[in-house]
Amino acid sequence: MNTHSFHFKNTSIIANHGFDLLKYYASYNLFAFANGMFGIFINILFFTRFSLLSVMEYQAAIQTTQTIMFILSGYMLRTTNARTLFSIGTVMRSFIIFGMVFLKGPFYVPYTFGLLYGIPSGVFWAGNNTLSQAITRKVNRFNFLSTNSAISNLAGLLAPLIAGFIVSESPGAGIARYRIDFVISALLLIAAGLIAMTIRETGERRKSFGIRDTVIDNPDYLRFKIYFFLSNMLTIAISTFTPVYIFYLTHSYIIAGLFGTFLAIIAVSSNLSSIYLQKRIGSSYRILIAITIAASILYAVRGSFATIAVFAASGIISFLMTPLGNAAMSSFMNFLDRIEYSSGYWINREYYLVSGRIVTFLILSVISIAGSSVYDYALAIPALSFTVIGYLKILK
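Start counting the sequence shown at 620; every next residue gets the next number (the numbering used here).
Ranges of calculated distance between the beta carbons of each label pair, as one might list FRET restraints: (1) His870 / Thr731: 22 to 30 Å; (2) Ile873 / Leu813: 25 to 33 Å; (3) Leu813 / Val834: 32 to 40 Å; (4) Ala913 / Lys1012: 19 to 27 Å; (5) Ile845 / Ile906: 14 to 22 Å; (6) Glu788 / Ile845: 45 to 53 Å; (7) Phe638 / His870: 43 to 51 Å; (8) Leu722 / Val978: 27 to 35 Å; (9) Val802 / Tyr694: 29 to 37 Å; (10) Asp956 / Leu641: 18 to 26 Å; (11) Ile794 / Ile845: 40 to 48 Å.
Hint data in this document are derived by calculation from the structure and do not stem from the laboratory.
Only a predicted model underlies this, so the values are computations on that prediction, with no experimental measurement involved.
All residues carry an ideal CB built from backbone N, CA and C; glycine is no exception.
Use the sequences and the hints to build the structure in full.
The structure is reproduced here in structure tokens:
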């Protein structure tokens, strides 16, 4: 009787854990769909309304307040939990988007909007990182990361293209052209936050937390610091600049949206194949890194073939960076399993990620301030591609 009771209880726990995992997938991927509709076109809005430099200002501003709030969220875990931070972050994002659409004012200034939007972004990612760490303790991390990434990209397959059609067909100029797209994105973010609050797993709660907890001297962690600093420099440049570059080359909202859909298709296929090829990544990562660097040279193509070259280069890089990134993050999360409190490590990781992103935006901003053309921005991509050598420290 006791054995059967234990078996039933254990089965129930496993079932509940699986159901919570499904709810996490649903919530995170509603967020991903909303981001797919909003992320590309907020950059294009600022580019067409102001300048390419304003896009960099917006992105740099996000990184600033996102990092600050990411750190402060560690203190918030004293009185709340990761699930709540996840939910607050998504809902607050929607409110700020509503502010841009209906109130304008400071919400319509690229740098100011970035500062405001970075606040819930930092809260969201602090909650998401800790929640995903907790909810995947009993599952294969590599498979989880690949599956979640595949689903989020599958959810975003239609998002950029739908957004492109909406923006293309909308009347008016400025923010009026983007109003419907942005409102839909905001509503999806609210839905994501509500679903997240129903997850039973709350993530890690800390009884005490201080800034010293985010200063990591662990010598085994040094290789991760190098990786984190370099890992996002190429991908953030591509995700920020390339959609704007595609719009600059084609003057088409639909093709700009199609580019986002194209990358989502590439990411889905890459994640699905990564699940079956994970054992081979350890022996072939040097080749993947070399191909990534070689593919970036296609950004230097000019003339009538420039758009095709950008699609090809971005597709190759996206396909290869996915398994490399999943393998590296799987290694990091497995490393954290040996750490009693992981929040400090997640925040320390953010220091290095943001530092790399800020350096990237500074490079692109200098190009703009120097009076260079949009084509010159594209030449920065091959140079930044060498930063993928940071994966060598993790995948040895």
